[in-house]
Each structure stands twice: as C-alpha cells, then as structure tokens.
Amino acid sequence: MKTMIGRFKEISWRRGNGACYACLIISLLAGIMLVLHMECSNIMYASAVASTRSDMIADSAALYAQSYDYKYNKAQAETMATFLTAYNNGTSGRYELTSSILFPDDDLLTVKCDVQTFFYFPGLAGHETLTVSDEASVRSVDIWGDIFVVPDSVGHASSPGTTPPVGDLSVP
Amino acid sequence: MAALKKHLKAICWRRGSSELIGFALIIPLLAALIFTIITIMQLGLVRQTLEYATYMSARSAVVCEDYSTALTQAQTTARMTLANSTYGVDSDNVGVHLELVGGTSSTSGSGITWEKGALLKCEVTAPISQFINILDGDMSSCIYVMVERPARTYY
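Protein sequence lines correspond, in order, to chains H and A. At position 148 of the first sequence (counting the first as 1) the number is 186 in this note's numbering, and the numbers step up by one without a gap. At position 120 of the second sequence (counting the first as 1) the number is 177 in this note's numbering, and the numbers step up by one without a gap.
Hints were generated in silico from the structure; no laboratory data involved. Just so it is clear, the structure is predicted and the values come from calculations on it, not from any experiment. Here a beta-carbon is modelled for each residue, glycine too, at the ideal position from N, C-alpha and C. Among the hints, erroneous ones may be present.
To be verified - Using C-beta positions, here's what the derived DEER-type ranges look like:
1) A:147 with H:71: 22 to 30 angstroms
2) H:72 with A:206: 56 to 64 angstroms
3) A:62 with H:43: 21 to 29 angstroms
4) A:189 with H:108: 50 to 58 angstroms
5) A:158 with H:166: 28 to 36 angstroms
6) A:62 with H:82: 42 to 50 angstroms
7) A:122 with H:71: 33 to 41 angstroms
8) A:126 with H:66: 54 to 62 angstroms
9) H:161 with A:154: 22 to 30 angstroms
10) A:150 with H:130: 17 to 25 angstroms
11) H:73 with A:84: 18 to 26 angstroms
12) A:126 with H:67: 48 to 56 angstroms
13) A:192 with H:69: 18 to 26 angstroms
Based on the provided sequences and hints, a complete structural model is requested.
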C-alpha cells in the first residue's frame, strides 16, 4: 500500500493531461451531437404529425362532403376539418395543430396543416417554436363514368348547398 | 519470454499512469453520453414509427362496418406495422384502444352509433426496450379520425 501511495505521488500529472483534454473534447462533441439529434428528432416528429394529420383530415373531409355529382359540399368539408383539427389538437400538449381547407376546384380539396412545437434548446435555435407544414389534396373521381348515373330526383344530405349537421366541437 | 520481460521493464510506468487515470476518469462520462445519444435516437425513431402505426391502425379501423371488427383490424394493423421496426418495440404486446367520441353521427341510447360522420379516437400503446432507461412506462400515440362506414341513408 505504501509503495502504491508513493507511486501515486510520483506521477507527473502535467505530462498526462493530454488524454484527459482529448476525452473532454470528445465529450463536448458528443454533447453537441446529442443536442442536434434531439432537435432533429423533434423536427421529424412534427413532420410526421403534420403529414399524418393533413392526410387524415383531407380524406375524412372529402369522404364526408362528397356529393353524388362527384363534387364537394364546402360547408360540410369545413365542418369535418374543424372537428378533426379541434380533436387532434387535444391529443398532445407537445404541439399545436392548425389547418386550413381550400377548394381549388369543385371536385378537389386541399388541406394544409401547420404543426407548431417547441424547441428543446430555444437559445441555440434562436427561436422559441418551430412550425412544420404539410398539405394533402383529394380529388373526387367518377369511377362509374356513364355506367351509373344517379337520377336528379334522388336527394342526399351531401348535395351542394345543404346545411351541415351540427356536432359537438368540445374536445374531451 | 525473456524479450517480453525486457520490454516490460523498459516501460516508464510513472509517466504513463496519469494518462491512464485521466482516461479512466473521463470514460464513464463519455460512455454515458454515447448511450444517451443512442437511446434518444432510438426513442425518436420509435416515436415516429408509432405515429405512423397509429395512423395506419386508425385508417384500417374506420373502413370497418362495426366496432368489434374495427378493433381486431386496428390491432392487427398496429402489430404488423410495428413488427417491421427493429427499434426495440415489443410488437406482441402493443395495445390498441378505440373509442367513439362524437362527431356528427346519431346516438342510440347512451352510446354513439358506429356510422359515417362519427369521430373515432385511436390510441396505440407500445412497450419499448430502451438501451438505457430514459422514459418510464410505455410510449403511446393518439389520433382522431372519421368513421367512414356504414353511410347513413337519407332517402
């Protein structure tokens, strides 16, 4: 034991600091990588949310608002998009979802979703929040062509101009 | 053997020890950082995969004609989607919870009818085997989607 303490005292610490400094630099680089990866993962997650929610809102709104003449009832599509945006906004406190619905044509609707989330390290990013956008379009296609024609006498709740049903927008 | 002994005797142990001690002191920190990076990478990938699995699961459920078929379909889809991932998700123990929450569907008695216009809450929960234990419990994802079938008849 005495010999060991004696040897420990004899160690030249000044000469041996190279490895320590090198490891500290590697640790610092690893820390920077960690921060970058966390932010990257955050952005990828927001992107996944924006992508899935815009697809889902567009599909649901299109299906809900499609009329028998293969056009969309805009009021109904907007109602469903509002519903789904409000509900999906409450699923996580990590992001805020906003959506807008556009009708470039009578048989085409486009839903654009913006997902706003917080940076883990706002000081490094220079912003408090980041916003990821995605959009999805759905076109109503007449797969029957001239084979199946719905007579005008057949009424349907989704015919253009019909007032959409009133639902409960309160998020559980 | 004699040559090896000669080499060992020639090493200046006093000067080299501090390098070794310095390295030994810093290596736990370095290892902890590397393990944390690996785990955060894993959790980031799992979170995205789970988000897509929930979406796929909900999409497969809403085209079903009733709740029980939808639940079976959603569970199968979630497990199949997550089975392809190799990020530590225990796909056999994935839980899927479906719940009708409202929308514009009609109600029968106290429940909401499974029909087009109703909103469905789909929640997928998966146990994760983490590299180091950062996150307690399971990871879950939730999405709301409109039930597509059956459509109401108005005429």
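Against the structure, the hints come out as follows:
1. A:147 with H:71: 22 to 30 angstroms: 28 angstroms, holds
2. H:72 with A:206: 56 to 64 angstroms: Since the Cβ atoms of residue 72 of chain H and residue 206 of chain A sit about 47 angstroms apart, the hinted range of 56 to 64 angstroms is violated.
3. A:62 with H:43: 21 to 29 angstroms: Cβ of residue 62 of chain A to Cβ of residue 43 of chain H: about 26 angstroms, so the range 21 to 29 angstroms holds.
4. A:189 with H:108: 50 to 58 angstroms: 55 angstroms, holds
5. A:158 with H:166: 28 to 36 angstroms: 32 angstroms, holds
6. A:62 with H:82: 42 to 50 angstroms: 58 angstroms, violated
7. A:122 with H:71: 33 to 41 angstroms: Since residue 122 of chain A and residue 71 of chain H have Cβ atoms about 50 angstroms apart, the given range 33 to 41 angstroms is violated.
8. A:126 with H:66: 54 to 62 angstroms: This hint holds: roughly 55 angstroms between Cβ atoms.
9. H:161 with A:154: 22 to 30 angstroms: Since the Cβ atoms of residue 161 of chain H and residue 154 of chain A sit about 38 angstroms apart, the hinted range of 22 to 30 angstroms is violated.
10. A:150 with H:130: 17 to 25 angstroms: With a Cβ separation near 22 angstroms, residue 150 of chain A and residue 130 of chain H satisfy 17 to 25 angstroms, so the hint holds.
11. H:73 with A:84: 18 to 26 angstroms: 21 angstroms, holds
12. A:126 with H:67: 48 to 56 angstroms: 53 angstroms, holds
13. A:192 with H:69: 18 to 26 angstroms: Since residue 192 of chain A and residue 69 of chain H have Cβ atoms about 20 angstroms apart, the given range 18 to 26 angstroms holds.
Hint compliance for this structure: hints 2, 6, 7 and 9 are broken, all remaining hints hold.
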